[in-house]
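First to last, the sequence lines map onto chains A and W. With the first letter of the first sequence counted as 1, position 101 gets the number 101 in the working numbering; the numbers rise by one all the way through. Just add 113 to wherever you are in the second sequence, counting from 1, and you've got the working numbering.
Simulated from the structure, these hints should not be mistaken for laboratory data. It is possible that part of the hints are untrue.
What the hints assert, rightly or not - Straight-line Cα separation of at most 27 Å, DSS-like style, residue types lysine-lysine; simulated pairs:
{"id": "1", "chain 1": "W", "residue 1": "Lys169", "chain 2": "W", "residue 2": "Lys213"}
{"id": "2", "chain 1": "A", "residue 1": "Lys18", "chain 2": "W", "residue 2": "Lys155"}
{"id": "3", "chain 1": "A", "residue 1": "Lys96", "chain 2": "W", "residue 2": "Lys213"}
{"id": "4", "chain 1": "A", "residue 1": "Lys96", "chain 2": "A", "residue 2": "Lys69"}
{"id": "5", "chain 1": "A", "residue 1": "Lys65", "chain 2": "W", "residue 2": "Lys213"}
{"id": "6", "chain 1": "W", "residue 1": "Lys213", "chain 2": "A", "residue 2": "Lys71"}
{"id": "7", "chain 1": "A", "residue 1": "Lys71", "chain 2": "A", "residue 2": "Lys57"}
This is what each chain is made of:
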Amino acid sequence: EAQVTQNPRYLITVTGKKLTVTCSQNMNHEYMSWYRQDPGLGLRQIYYSMNVEVTDKGDVPEGYKVSRKEKRNFPLILESPSPNQTSLYFCASSVKGSRDTQYFGPGTRLTVL
Amino acid sequence: GESVGLHLPTLSVQEGDNSIINCAYSNSASDYFIWYKQESGKGPQFIIDIRSNMDKRQGQRVTVLLNKTVKHLSLQIAATQPGDSAVYFCAETSYSSASKIIFGSGTRLSIRP
Chain A
1 EAQVTQNPRY LITVTGKKLT VTCSQNMNHE YMSWYRQDPG LGLRQIYYSM NVEVTDKGDV
61 PEGYKVSRKE KRNFPLILES PSPNQTSLYF CASSVKGSRD TQYFGPGTRL TVL
Chain W
114 GESVGLHLPT LSVQEGDNSI INCAYSNSAS DYFIWYKQES GKGPQFIIDI RSNMDKRQGQ
174 RVTVLLNKTV KHLSLQIAAT QPGDSAVYFC AETSYSSASK IIFGSGTRLS IRP
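In isolation and in its complexed conformation, chain A is listed as follows (with noise of 0.2 Å):
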């Protein structure tokens, strides 16, 4: 089945404590994406790759680091988390592009306390 898969689903961790939030598409696509939605804000792109090795930033890229050593994979790291990374994050990736359908993951719902 093709999807986008988000680990873990649920995370409760302390202001500080570096993450990560791992991201896994089965589909052989180019592109990745991270967003975050907040309530009365929408989604929100943080950063996206658009192959292995290419990262750039989205509109909030603040406080957050992305890795893409494999194609499949596009890991979000928050090396010191801080409340107001407090979030739902979703994981996203195409075949090429924001121009391509984007197929989400089912989200990651963090709380910094």
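Assemble chain W onto chain A, guided by the hints.
For chain W alone, coordinates are given in the frame of chain A:
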């Protein structure tokens, strides 16, 4: 900055009626628009898209209208069903920034029996 917004945050319609969800965009360079549906607890799902060289596109029970003169986008759902209950997002992107996508804040559609 550029923004994509929605006229109404919530919309309640009678089952069987048609629904119209509106979206305003401000980036005149945007030339590709997408509607996504997000059900509770799930990631956004592609519904329909339209390119700027079109003013109307139809899918199964859904129609998207694009008015470039007033920078307005709408999603029409015919014969609304309980399964249509969700939050609907419009999104925009442009050829010049093909890697980035901007989402609106969303409209919640609820169906009255």
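For the pair we were handed, lysine 18(A) and lysine 155(W), check the Cα-Cα distance against 27 Å.
-> holds, 26 Å
Between lysine 169(W) and lysine 213(W), is the straight-line Cα distance small enough, at 27 Å or below?
-> holds, 24 Å
Assess, step by step, whether the Cα of lysine 96(A) is no farther than 27 Å from the Cα of lysine 213(W), and give holds or violated.
-> With Cα atoms ~12 Å apart, lysine 96(A) and lysine 213(W) stay inside 27 Å; holds.
Is lysine 71(A) within 27 Å of lysine 57(A), Cα to Cα?
-> holds, 18 Å
Is it true that the CA of lysine 65(A) sits at most 27 Å from the CA of lysine 213(W)?
-> holds, 17 Å
Decide if the proposed pair is consistent with the structure: lysine 96(A) and lysine 69(A), CA atoms, cutoff 27 Å inclusive.
-> holds, 17 Å
Verify the proposed pairing of lysine 213(W) with lysine 71(A), using a straight-line Cα cut of 27 Å.
-> holds, 19 Å
The structure fails none of the hints (numbered hints given earlier).
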